Amino acid sequence: MTTTTEATRLAGAVGVAHTRVEGLDKVTGAARYAAEHHFTELAHGWMVLSTVARGRITAIDSAPVEAMPGVLAVLHHENAPHLAEASGFFGPDPTVQVLQNDRVPHVGWPVALVVAETPEQAREAAESLVVHYEQEPHDTVFRAGHPDTYTPGDDEDDSVEISKGDMEAELAASAVVVDEWYTTPEEHHNAMEPHGAIARWEDGRLEVIDTTQGAFATAQDLAALLSLDPSSVRVVSEHVGGGFGSKGLVRPHSVLAAMAATVVHRPVRVVMTRRQVFSLVGHRPATAQRMRLGAHADGRLRALDHQASSYTSRVMEYVESSAAISRVLYGADAHHTVNRVVPLDVPTPRWMRAPGEAPGSFAVESAMDELAERCGVDPVALRIRNEPAVGPVSGLPFSSRSTVACFEEGARRFGWAERDPRPAVRREGRWLLGTGVAAATYTAGVVPSTASVTAEAGGDFTVRITAADIGTGARTALVQIAADALEVPVDRIRMRIADSDFGQAMLAGGSTGTRSWAHAIVAAVAELRAVLVPGMEIPADGITVRGNSLDAVRGLAKLERHSFGAQFAEAAVDIATGEVRVRRMLGMFAAGRVVNPLTARSQLVGGMVWGLSMALHEEAHRDAASGGLVGGDLAGYHIAANADVPLIEADWVDEVDPHDPTGIKGLGEIGIVGAAAAVANAVWHATGVRHRQLPIRPDRVLAAAAERG
Amino acid sequence: MALATSSTITLHVNGERRTLPVDHRTTLLDALRDHLELTGSKKGCDHGQCGACTVLIDGRRAVSCLQFAVAAEGREVTTIEGVADGDTLHPVQQAFIDLDGYQCGYCTPGQICSAIAVIEEHAAGWPSAATEDVRPEAGAPPLDADEIRERMSGNLCRCGAYVSIVQAVARAAEAAQGESAQDKSAQGGDLAGAEAGTAVTA
Ligand code: FES
Ligand code: FES
Numbered sequence: 053m054t055t056t057t058e059a060t061r062l063a064g065a066v067g068v069a070h071t072r073v074e075g076l077d078k079v080t081g082a083a084r085y086a087a088e089h090h091f092t093e094l095a096h097g098w099m100v101l102s103t104v105a106r107g108r109i110t111a112i113d114s115a116p117v118e119a120m121p122g123v124l125a126v127l128h129h130e131n132a133p134h135l136a137e138a139s140g141f142f143g144p145d146p147t148v149q150v151l152q153n154d155r156v157p158h159v160g161w162p163v164a165l166v167v168a169e170t171p172e173q174a175r176e177a178a179e180s181l182v183v184h185y186e187q188e189p190h191d192t193v194f195r196a197g198h199p200d201t202y203t204p205g206d207d208e209d210d211s212v213e214i215s216k217g218d219m220e221a222e223l224a225a226s227a228v229v230v231d232e233w234y235t236t237p238e239e240h241h242n243a244m245e246p247h248g249a250i251a252r253w254e255d256g257r258l259e260v261i262d263t264t265q266g267a268f269a270t271a272q273d274l275a276a277l278l279s280l281d282p283s284s285v286r287v288v289s290e291h292v293g294g295g296f297g298s299k300g301l302v303r304p305h306s307v308l309a310a311m312a313a314t315v316v317h318r319p320v321r322v323v324m325t326r327r328q329v330f331s332l333v334g335h336r337p338a339t340a341q342r343m344r345l346g347a348h349a350d351g352r353l354r355a356l357d358h359q360a361s362s363y364t365s366r367v368m369e370y371v372e373s374s375a376a377i378s379r380v381l382y383g384a385d386a387h388h389t390v391n392r393v394v395p396l397d398v399p400t401p402r403w404m405r406a407p408g409e410a411p412g413s414f415a416v417e418s419a420m421d422e423l424a425e426r427c428g429v430d431p432v433a434l435r436i437r438n439e440p441a442v443g444p445v446s447g448l449p450f451s452s453r454s455t456v457a458c459f460e461e462g463a464r465r466f467g468w469a470e471r472d473p474r475p476a477v478r479r480e481g482r483w484l485l486g487t488g489v490a491a492a493t494y495t496a497g498v499v500p501s502t503a504s505v506t507a508e509a510g511g512d513f514t515v516r517i518t519a520a521d522i523g524t525g526a527r528t529a530l531v532q533i534a535a536d537a538l539e540v541p542v543d544r545i546r547m548r549i550a551d552s553d554f555g556q557a558m559l560a561g562g563s564t565g566t567r568s569w570a571h572a573i574v575a576a577v578a579e580l581r582a583v584l585v586p587g588m589e590i591p592a593d594g595i596t597v598r599g600n601s602l603d604a605v606r607g608l609a610k611l612e613r614h615s616f617g618a619q620f621a622e623a624a625v626d627i628a629t630g631e632v633r634v635r636r637m638l639g640m641f642a643a644g645r646v647v648n649p650l651t652a653r654s655q656l657v658g659g660m661v662w663g664l665s666m667a668l669h670e671e672a673h674r675d676a677a678s679g680g681l682v683g684g685d686l687a688g689y690h691i692a693a694n695a696d697v698p699l700i701e702a703d704w705v706d707e708v709d710p711h712d713p714t715g716i717k718g719l720g721e722i723g724i725v726g727a728a729a730a731v732a733n734a735v736w737h738a739t740g741v742r743h744r745q746l747p748i749r750p751d752r753v754l755a756a757a758a759e760r761g
Numbered sequence: 270m271a272l273a274t275s276s277t278i279t280l281h282v283n284g285e286r287r288t289l290p291v292d293h294r295t296t297l298l299d300a301l302r303d304h305l306e307l308t309g310s311k312k313g314c315d316h317g318q319c320g321a322c323t324v325l326i327d328g329r330r331a332v333s334c335l336q337f338a339v340a341a342e343g344r345e346v347t348t349i350e351g352v353a354d355g356d357t358l359h360p361v362q363q364a365f366i367d368l369d370g371y372q373c374g375y376c377t378p379g380q381i382c383s384a385i386a387v388i389e390e391h392a393a394g395w396p397s398a399a400t401e402d403v404r405p406e407a408g409a410p411p412l413d414a415d416e417i418r419e420r421m422s423g424n425l426c427r428c429g430a431y432v433s434i435v436q437a438v439a440r441a442a443e444a445a446q447g448e449s450a451q452d453k454s455a456q457g458g459d460l461a462g463a464e465a466g467t468a469v470t471a
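Sequence lines, in order, name chains S and B.
The first sequence begins at 53 in our numbering and counts up one residue at a time.
The second sequence begins at 270 in our numbering and counts up one residue at a time.
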């Protein structure tokens with residue numbers, strides 16, 4: 053076969069709707085997720101989690117459990133393999149230092165792993181294991197102004213607190229001031245596939261099938277934790293049943309499976325129960341945010357003060373950077389943003405879809421709506437009036453910023469012009485009706501990654517990259533990107549992903565996946581072009597080259613790079629029951645180049661469903677006495693069900709980002725940003741009552757209405 | 270003498286007889302996934318809260334995590350692996366592909382099994398909580414978007430694919446019944462434009 057990559061220039065695959073490459077496997081049940089692989093001699097691990105919120109283990113009565121039918125091992129801090137401490141793809145991660153000492157830092161911390169022949173035996177034995185604790189007083193209650201609150205970071209690190217201008221003077225001189233608190237509760241990802249892994253030793257290598265957003269990072273971390281050579285650990289994650297950040301990095305189940313496989317010399321499967329997922333994979337911490345806006349009479353901002361606080365655990369510091377979004381959205385003469393934290397005896401919060409921006413947008417975009425109301429300015433006009441020319445804090449130009457186009461086109465499609473600005477004047481039977489709007493933005497990041505491309509003798513091309521498709525459509529999008537880079541039709545691309553042996557690549561997170569992987573594939577294709585000569589013979593085993601996007605990514609100019617959007621929602625509020633129903637939502641986004649319109653729309657709409665769910669349903673209840681969750685399962689923690697979700701439309705304005713060769717900005721997070729604020733603003737427009745506390749539950753609606761009289 | 274804690278049972282799954290030893294505590298879901306290697310049925314909660322494990326038992330939808338395998342002896346069990354007609358996909362499966370009624374795919378087998386049952390339940394005249402007129406003489410309500418949403422609400426989708434799931438069920442119902450799903454316009458002409466182009470093979 054001779055090479056033809058230069059021969060024909062085809063119409064591009066990028067920008068054309070394609071059904072998912074793995075679609076047939078998903079609708080027939082053939083797609084296998086991590087815990088669904090079978091091995092002879094597979095043993096089953098069941099985790100035992102702490103029932104106290106703080107203290108230490110004084111004894112573990114393992115002997116009777118070891119004698120139970122089928123039990124192979126009971127691992128705990130006195131007999132478990134040693135883990136190296138300083139490991140972690142993004143620095144040391146103490147949340148996976150399981151079974152290393154007698155400390156208990158929160159309810160739901162792993163204290164033992166029971167390994168048995170069958171899952172039933174493992175579960176019974178795990179539930180029979182008696183663990184003795186010495187309890188210490190705990191504090192799991194987050195509130196604004198908690199005395200242990202601190203501002204993280206140091207003098208070198210300006211990301212946690214940034215201020216410019218004289219805040220108090222600008223506020224004092226402002227014609228209109230908004231000064232309010234907004235709160236959001238503890239929220240949990242709840243990817244439908246619970247975390248699970250199968251670990252086994254195969255020819256001297258540790259092979260792990262895991263549910264992870266980043267097989268490469270997970271393999272590196274496991275190798276470091278277990279003091280193994282990095283090349284002797286392989287992690288694959290062919291299909292992942294949702295992640296949303298909860299599968300971003302190595303989690304305790306994979307570490308425990310690897311430990312157990314090492315101890316019992318058999319393949320071991322460890323799968324979390326849904327309740328265990330609630331304490332071991334991270335979550336979004338509750339936030340309390342004070343917003344102070346000062347404006348001229350026409351609504352132009354003079355002062356913007358966004359002070360966010362949230363909690364972290366005592367295991368590891370995690371900062372929910374809710375105030376960061378205000379550094380992108382709006383400028384003001386005085387501008388102050390800070391993210392503070394208070395450590396509590398709770399499981400460690402971690403990235404959850406649009407970490408920072410999701411709760412932060414609820415605060416700033418609710419406050420902007422209040423400012424519009426007080427100034428008597430239309431909420432869309434107010435945002436357009438405050439559109440900054442350059443980064444409000446950095447002063448850097450934007451690579452592209454199409455917020456105004458999103459608002460204008462969204463307003464046109466939503467019918468915003470017909471809106472009566474007065475609140476509480478539309479009624480349909482027992483329903484009060486209202487509409488609301490909010491801005492959205494999310495950072496467009498890129499991380500250097502590697503990929504390989506093989507020109508096959510038969511004329512096809514095989515791309516290998518440690519990408520993950522967690523439902524984003526990445527596998528399909530990368531086929532399209534590779535096809536265009538190689539200038540061949542999509543049916544000549546074989547896409548292989550999610551195997552750490554393919555080398556370093558960014559994980560699927562922070563809306564950086566597709567953009568980072570696209571850069572790597574483009575780099576690999578450039579390498580291939582350098583070695584392929586038109587007309588040359590391809591050997592039977594093909595010609596393989598590797599590409600690295602390091603130089604391309606380093607060469608990108610330092611600019612403010614973000615996607616933007618405008619969220620519109622219509623809400624109906626039942627005056628008798630306080631129930632809020634969202635009747636329709638429209639999101640208009642500007643996210644650079646959209647690779648696959650079919651899956652892009654699904655991803656954006658999915659994010660908006662998260663915003664609806666955040667506005668109305670999601671709230672984890674932590675019991676102060678025990679420190680544990682009440683109803684930490686899918687019955688007690690409500691996520692939007694089908695009947696909660698109306699017709700939601702997402703679309704985008706054409707946006708060319710000339711400052712990135714791929715033109716991609718990422719779509720994973722922006723759908724949720726601003727969506728909850730749009731719903732809350734619609735509830736205000738329906739009822740005349742502001743809800744500054746999420747979720748907007750029926751009892752809160754009724755209580756607020758009663759208070760108002 | 271100790272009571273037996275396991276038995277050998279015969280299950281009828283997807284038209285085949287399968288004999289297997291099971292622990293009495295083994296759920297039908299675990300028997301399918303761990304013993305018969307039919308991993309298409311998913312485990313999202315193991316508590317009857319999410320619908321990911323939905324299968325058809327004697328033609329009716331049921332969550333397989335809430336029953337013991339031993340109790341399923343003698344019943345006809347159909348899983349996602351058994352709903353297609355050979356290589357021809359069930360219209361619901363095809364509609365999920367064409368309209369992108371999924372993202373991660375983990376809830377999808379349960380959604381599809383539920384949808385197949387929903388279409389049959391509706392055709393048999395069963396009302397739902399969204400049905401306005403539930404008198405027997407009123408006949409089957411139109412299978413509009415609100416009816417589909419209500420009837421599909423036992424199946425959670427954390428990816429938030431509900432909008433296209435509803436469209437896919439409506440389209441499959443149309444194909445199955447040869448009658449128009451009545452609320453098509455309410456489901457949005459614009460979004461129907463999201464239909465697939467060519468399938469990518471890789
Ligand atoms: S796994 Fe059966 S309902 Fe969730
Ligand atoms: S497609 Fe991921 S949970 Fe439904």
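If you're looking for bench data, these hints aren't it; they were derived computationally from the structure.
Treat the hints with care, as some may be off.
Said to hold, decoys possible - Label pairs and their computed distance ranges (CB to CB):
no. : chain 1 : residue 1 : chain 2 : residue 2 : range
1   : S       : GLY683    : B       : ALA340    : 23 to 33 Å
2   : S       : ARG474    : B       : GLU345    : 36 to 46 Å
3   : B       : ARG404    : S       : ASP472    : 13 to 23 Å
4   : S       : ARG257    : B       : TRP395    : 36 to 46 Å
5   : B       : ARG404    : S       : PRO121    : 28 to 38 Å
6   : B       : GLU345    : S       : ARG635    : 57 to 67 Å
7   : S       : ARG257    : B       : ALA398    : 25 to 35 Å
8   : B       : GLU345    : S       : ASP472    : 36 to 46 Å
9   : B       : ALA398    : S       : ARG426    : 14 to 24 Å
10  : B       : LEU272    : S       : GLY197    : 36 to 46 Å
As the list claims (entries may be wrong) - Residues from chain S shown here face chain B by an in silico Cβ test under 7 Å; the list is partial:
no. : residue
11  : ALA582
12  : VAL585
13  : VAL697
A quick note: this is a predicted structure, and the numbers were derived from the prediction, not measured.
Virtual Cβ for every residue (Gly too), placed ideally from N, Cα, C.
We went through each hint and held it up to the structure:
{"no.": "1", "hint": "S:GLY683 with B:ALA340: 23 to 33 Å", "result": "holds (28 Å)"}
{"no.": "2", "hint": "S:ARG474 with B:GLU345: 36 to 46 Å", "result": "violated (60 Å)"}
{"no.": "3", "hint": "B:ARG404 with S:ASP472: 13 to 23 Å", "result": "violated (40 Å)"}
{"no.": "4", "hint": "S:ARG257 with B:TRP395: 36 to 46 Å", "result": "violated (54 Å)"}
{"no.": "5", "hint": "B:ARG404 with S:PRO121: 28 to 38 Å", "result": "violated (56 Å)"}
{"no.": "6", "hint": "B:GLU345 with S:ARG635: 57 to 67 Å", "result": "violated (41 Å)"}
{"no.": "7", "hint": "S:ARG257 with B:ALA398: 25 to 35 Å", "result": "violated (54 Å)"}
{"no.": "8", "hint": "B:GLU345 with S:ASP472: 36 to 46 Å", "result": "violated (58 Å)"}
{"no.": "9", "hint": "B:ALA398 with S:ARG426: 14 to 24 Å", "result": "violated (42 Å)"}
{"no.": "10", "hint": "B:LEU272 with S:GLY197: 36 to 46 Å", "result": "violated (59 Å)"}
{"no.": "11", "hint": "ALA582", "result": "violated (25 Å)"}
{"no.": "12", "hint": "VAL585", "result": "violated (26 Å)"}
{"no.": "13", "hint": "VAL697", "result": "holds (4 Å)"}
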